[in-house]
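*Asks:* Protein chains in written order, with this note's numbering: chain A, 52 to 516; chain B, 20 to 293.
Calculated directly from the structure, the hints in this document are not laboratory data.
Please note that the accuracy of each hint is not assured.
Unchecked claim - Restraint-style ranges between C-beta atoms, simulated for each label pair:
1) A/THR429 x B/SER261: 50 to 58 angstroms
2) B/GLU141 x A/THR429: 55 to 63 angstroms
3) B/HIS83 x A/VAL113: 26 to 34 angstroms
4) A/HIS433 x B/ASP185: 50 to 58 angstroms
5) A/LEU379 x B/ASP185: 52 to 60 angstroms
6) A/MET107 x B/LEU96: 22 to 30 angstroms
7) A/TYR315 x B/SER261: 56 to 64 angstroms
8) A/LEU69 x B/HIS83: 35 to 43 angstroms
Claimed, not checked - Keeping only pairs whose Cα atoms sit at most 16 angstroms apart, straight-line, the calculated EDC-like set for lysine to aspartate or glutamate is:
9) A/LYS449 x B/ASP117
10) B/LYS104 x A/GLU260
11) B/LYS104 x A/ASP263
Don't be surprised by glycine CBs; every beta carbon is placed ideally from N, CA and C.
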Amino acid sequence: MLFSSTVFLFLFLPIVGLVYYLLPNGGGKDLRLRNVWLLVSSLFFYAWGEPTFVLMMLASIVWNYVFGLIVSGRKALLAVSIVGNVLFIGAYKYLNFLTANIREYLPCAVGVIPQTSILLPIGISFFTFQAMSYVVDVYRGMPAQRNPLTLALYISLFPQLVAGPIVRYSTVARQLAVRCSTVGSVSAGLIRFVIGFNKKMLLANPLSEAADYAFAQADPSGALAWLGALCYTLQIYFDFSGYSDMAIGLGKMFGFDFMENFNYPYIARSFSEFWRRWHISLGSWFRDYVYFPLGGSHVQSNLVQLRNLFVVWLLTGVWHGANWTFILWGLIYGVLISFEKISGLSRRLEESRSVVYQLLVLLVVILAWVIFRVPSMTYAVHYIGGMFRFGASFMDQKAIFWWREMSVALCAGVLFALPVYKRLEQGSARVVRLNVLPFVQVILFLVSVSSLVMENHNPFIYFSF
Amino acid sequence: MKRLLAGPNVLVAAILGALVLVGAVVCGYRTMQAVRLMYSNKLDPALGYRSNIEMICNRNFIAHDMFIELGGAWARLMGRSCVNKTVLLPNGIQTYLDATLPPSDVLDRHARSVARFRDSLEEEGVPYFFVLAPYKMDDQEKMLPAVANHNVIWSARHFVRRLNEDGVDVLHLRDVLAQNEDEVLKYFYKTDHHWNGDAIMMAARMIDKKIVQKLRIKNEDFDPWDEANWRRNVLQDWFWGSLGRRTGHWFSGTDDLIYYEPRFETQIHRRARN
Numbered sequence: 052m053l054f055s056s057t058v059f060l061f062l063f064l065p066i067v068g069l070v071y072y073l074l075p076n077g078g079g080k081d082l083r084l085r086n087v088w089l090l091v092s093s094l095f096f097y098a099w100g101e102p103t104f105v106l107m108m109l110a111s112i113v114w115n116y117v118f119g120l121i122v123s124g125r126k127a128l129l130a131v132s133i134v135g136n137v138l139f140i141g142a143y144k145y146l147n148f149l150t151a152n153i154r155e156y157l158p159c160a161v162g163v164i165p166q167t168s169i170l171l172p173i174g175i176s177f178f179t180f181q182a183m184s185y186v187v188d189v190y191r192g193m194p195a196q197r198n199p200l201t202l203a204l205y206i207s208l209f210p211q212l213v214a215g216p217i218v219r220y221s222t223v224a225r226q227l228a229v230r231c232s233t234v235g236s237v238s239a240g241l242i243r244f245v246i247g248f249n250k251k252m253l254l255a256n257p258l259s260e261a262a263d264y265a266f267a268q269a270d271p272s273g274a275l276a277w278l279g280a281l282c283y284t285l286q287i288y289f290d291f292s293g294y295s296d297m298a299i300g301l302g303k304m305f306g307f308d309f310m311e312n313f314n315y316p317y318i319a320r321s322f323s324e325f326w327r328r329w330h331i332s333l334g335s336w337f338r339d340y341v342y343f344p345l346g347g348s349h350v351q352s353n354l355v356q357l358r359n360l361f362v363v364w365l366l367t368g369v370w371h372g373a374n375w376t377f378i379l380w381g382l383i384y385g386v387l388i389s390f391e392k393i394s395g396l397s398r399r400l401e402e403s404r405s406v407v408y409q410l411l412v413l414l415v416v417i418l419a420w421v422i423f424r425v426p427s428m429t430y431a432v433h434y435i436g437g438m439f440r441f442g443a444s445f446m447d448q449k450a451i452f453w454w455r456e457m458s459v460a461l462c463a464g465v466l467f468a469l470p471v472y473k474r475l476e477q478g479s480a481r482v483v484r485l486n487v488l489p490f491v492q493v494i495l496f497l498v499s500v501s502s503l504v505m506e507n508h509n510p511f512i513y514f515s516f
Numbered sequence: 020m021k022r023l024l025a026g027p028n029v030l031v032a033a034i035l036g037a038l039v040l041v042g043a044v045v046c047g048y049r050t051m052q053a054v055r056l057m058y059s060n061k062l063d064p065a066l067g068y069r070s071n072i073e074m075i076c077n078r079n080f081i082a083h084d085m086f087i088e089l090g091g092a093w094a095r096l097m098g099r100s101c102v103n104k105t106v107l108l109p110n111g112i113q114t115y116l117d118a119t120l121p122p123s124d125v126l127d128r129h130a131r132s133v134a135r136f137r138d139s140l141e142e143e144g145v146p147y148f149f150v151l152a153p154y155k156m157d158d159q160e161k162m163l164p165a166v167a168n169h170n171v172i173w174s175a176r177h178f179v180r181r182l183n184e185d186g187v188d189v190l191h192l193r194d195v196l197a198q199n200e201d202e203v204l205k206y207f208y209k210t211d212h213h214w215n216g217d218a219i220m221m222a223a224r225m226i227d228k229k230i231v232q233k234l235r236i237k238n239e240d241f242d243p244w245d246e247a248n249w250r251r252n253v254l255q256d257w258f259w260g261s262l263g264r265r266t267g268h269w270f271s272g273t274d275d276l277i278y279y280e281p282r283f284e285t286q287i288h289r290r291a292r293n
């Protein structure tokens, strides 16, 4: 079920919210009934898209619940649990890619290995990573969750189920048992949800029209290619950060505090800083569960540190999808961040506030998004080549049309990708901050609903991961 | 209560909550309606429950028209000319962004079928001519954005050419209605792809003239097409076409509705042979 759908907004959410708050909670200490209700709602939420995949998610929950009970301090069991999770995600997410490549590069395997065609369960990467983090945390000494329903709720909790943020068990373990919601926290959650919804409907969706058009062209002109890349850069930010805002807001409405997932990534002064601001929950997951266990940067040779970084960024690329373009995208960041870390450049650059390097970072980020967006490496080369093909054919009628059509959305996108709204909130008088800005969000909410009613194109990018 | 509303976040959330609850009541009702319709097989079962519920909730949403208006006004504010699969041309005419007719081989097949039908009628001694209804876009095609995908104009002209090659007598109403392109706009709704009352009147006169000519009917004393026999009524800003309904009148504007009333007694006779 999409957050940005009338069924979610006007049926699922009010029913779940009303029943949740009507159920007794023993002053915030006895949440059994509310938790069961949230679990049932979450399973229904997941089943709305494809009912059969719920069984697969339940299998994942059972697997990790059992290992959670027995893994504490036992490395071999931890390895079995992780291998099981990796095989699970691998089968659903990477088997098609694997068989396709084997068949392409080893013609002799064509008759032996059939081309698989397995449907990707929505949000598999997110909930599998959450489940793995639970088992690892228990292995490291955290108490296991004895109640299978509570663990099932942690893994399947609908606000962050399909597109994050990736919530650590350690973050919400206490909240699963004891939490309270106040009128203030529910209100703050609702407003946060609306801010995310507005980002998605009013910025990400319109920008996606130009991006989709440009990337669908076999040979876009330079100006159109640039527009497509810029629009996609902004679209993916507002799409994903909008979803995260909605998830965090929904969490607040039900008494949970999820971690922030974005912090204005496009103002980063280095590639390292960019990844501290972009998809923070994924970056910190890889840092804590892959990079640090490998030794991180506290190793004796640069070569080992390079290996660690390579592994992390290869996995980051692979996590996003089964395609060479994602792997290349991850490795590009791996190379750039390795260079910054080994040379000590990132700290110096962040301190020196070099605008030139900041712009270079932004340019590379935009080009990397092109690689992330396109279906194949060949098209990536062709598209990026087109962006730098200046000449008479640089600007054509299609480009003129889309630049004109997107001009306001682009300006608004650039403005809100910078911390302008945040500064406006902080810098404005209390009366404006508390009385005017929230009402602006209500008006924008109505406009966003109008986009829903118009049945505009509306998928979330990160649902594919 | 005063304390409750002291924090404006709470007040705003209360407004949002109220909006959501009103929407919930409507969507709940629509969902029940969708389920009932599905049980009575009035909805496409292939779509399944979920898609049908989503479709019905969206299409029959509370204050649907108001939200369309709001969406259209927002699109204006954002400087958009393409909204909800339509495009607003610089001359204020609205049309679909994509409008495609079948490819030329299909049109050729249709033209041959028409010619065969004409032949079979003529064997029976029944005269035949083909009337091609007028289409809105033609020279205005130049105003279409480069991203539009239109082949209606090309297809219509191709079809007429093929009919002419097969010797079929064609009354091409688009050409009859407007000798020059500036004139044609008055025969079409801005917010719809249909022709308006003036065009209908003109077309009816032309078709009648052609029938009289084909059947060699003698003109009687009474000429129904005399302008004095009709009263032309115009309802100002009264019509909102299917294109306009997708975007709201702040985006597309509205049309005048034109209709004609006869000033004479009308009676329709139908007489079947045998």
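*Asks:* I'd like to know which numbered hints this structure contradicts. Please list them from smallest to largest.
*Replies:* 1, 3, 4, 6, 7, 8
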